[in-house]
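Peer 1: So you can see what is in the structure, the chains are spelled out below.
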Amino acid sequence: SQTIHQWPATLVQPVGSPLSLECTVEGTSNPNLYWYRQAAGRGLQLLFYSVGIGQISSEVPQNLSASRPQDRQFILSSKKLLLSDSGFYLCAWTTGFSNEQFFGPGTRLTVL
Amino acid sequence: AQSVTQLGSHVSVSEGALVLLRCNYSSSVPPYLFWYVQYPNQGLQLLLKYTSAATLVKGINGFEAEFKKSETSFHLTKPSAHMSDAAEYFCAVTLRTNAGGTSYGKLTFGQGTILTVHP
Chain A
277 SQTIHQWPAT LVQPVGSPLS LECTVEGTSN PNLYWYRQAA GRGLQLLFYS VGIGQISSEV
337 PQNLSASRPQ DRQFILSSKK LLLSDSGFYL CAWTTGFSNE QFFGPGTRLT VL
Chain B
4 AQSVTQLGSH VSVSEGALVL LRCNYSSSVP PYLFWYVQYP NQGLQLLLKY TSAATLVKGI
64 NGFEAEFKKS ETSFHLTKPS AHMSDAAEYF CAVTLRTNAG GTSYGKLTFG QGTILTVHP
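Same order as they appear, the protein sequences are chains A and B. Going by our numbering, the first residue of the first sequence is number 277, and it counts up by one from there. Going by our numbering, the first residue of the second sequence is number 4, and it counts up by one from there.
No wet-lab data here; the hints were simulated from the structure. The C-beta atom is built at its ideal place from N, Cα and C for all residues, glycine as well. Hints should not be assumed to be uniformly reliable.
[What the hints assert, rightly or not] Below, computed lysine-lysine pairings styled on DSBU-like, alpha-carbon distance capped at 35 Å:
hint : chain 1 : residue 1 : chain 2 : residue 2
1    : A       : K356      : B       : K109
2    : B       : K71       : B       : K52
3    : B       : K109      : B       : K52
4    : B       : K61       : B       : K72
5    : A       : K355      : B       : K109
6    : B       : K109      : B       : K61
[Said to hold, decoys possible] Calculated Cβ distances over 10 Å to all of chain A for the following chain B residues:
hint : residue
7    : L47
8    : P82
9    : M86
10   : T97
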């Protein structure tokens with residue numbers, strides 16, 4: 277069966293520090309991968325998606341970037357965090373033949 | 004382009020009462036529709052999905068939803084609420100993969116509805 281992992285589960289970082297969040301998927305190959313941010317009371321905002329290794333599409337201009345160095349690994353990064361980067365970050369995957377997305381457990385990021 | 008509107012950011016019901024969470028969508032082509040549930044500090048879990056088969060869709064935990072094309076709605080219902088149903092619920096829409104263009108499986112979510120169940 278397929279599983280999706282995210283780490284860390286929680287993170288507290290100072291403003292201006294770098295960020296690296298990791299997402300890995302097991303039990304499937306060539307998934308589409310997605311990063312979402314969920315800010316309090318604002319629903320889910322799609323940040324990035326990837327349909328293959330090295331292929332990244334950004335949905336909104338922001339202080340963040342994403343990379344996909346391996347088929348089942350998706351990384352969210354920032355060089356310098358802003359207060360507005362605080363939120364709950366969710367990774368998700370789907371196959372090319374299914375529109376159902378499967379979500380990871382999320383990372384709670386607090387920028388102070 | 005597609006969009007989703009969830010009417011009511013907060014819904015409160017008594018235990019045992021009917022749960023009705025409203026979702027209306029906008030899509031230029033036939034959509035796939037989903038309901039997800041999120042418990043505090045957890046990821047999203049799929050409750051049910053509509054993918055053009057039966058318009059009445061049954062999901063987990065006793066939930067069901069009916070796709071009504073004429074009303075562009077996909078409301079979520081449960082006949083009898085349990086305390087364990089308290090959570091945030093999200094409606095989402097995506098384009099069918101054969102609908103022309105490429106959606107890359109991207110979902111558009113509503114703003115969410117927080118369901119409170121009181122004794």
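Peer 1: The structure should be examined with respect to each hint, and the outcome stated for every one.
Peer 2: Hint by hint, here is what the structure shows:
1. K356(A) to K109(B): 28 Å, holds
2. K71(B) to K52(B): 14 Å, holds
3. K109(B) to K52(B): 15 Å, holds
4. K61(B) to K72(B): Judged against 35 Å, a Cα distance of about 17 Å means the pair holds.
5. K355(A) to K109(B): 26 Å, holds
6. K109(B) to K61(B): 23 Å, holds
7. L47: Its Cβ does come within 10 Å of chain A, the nearest being 4 Å, so this is violated.
8. P82: 25 Å, holds
9. M86: 23 Å, holds
10. T97: 5 Å, violated
Comparing the model with each earlier hint shows violations of hints 7, 10; every other hint is respected.
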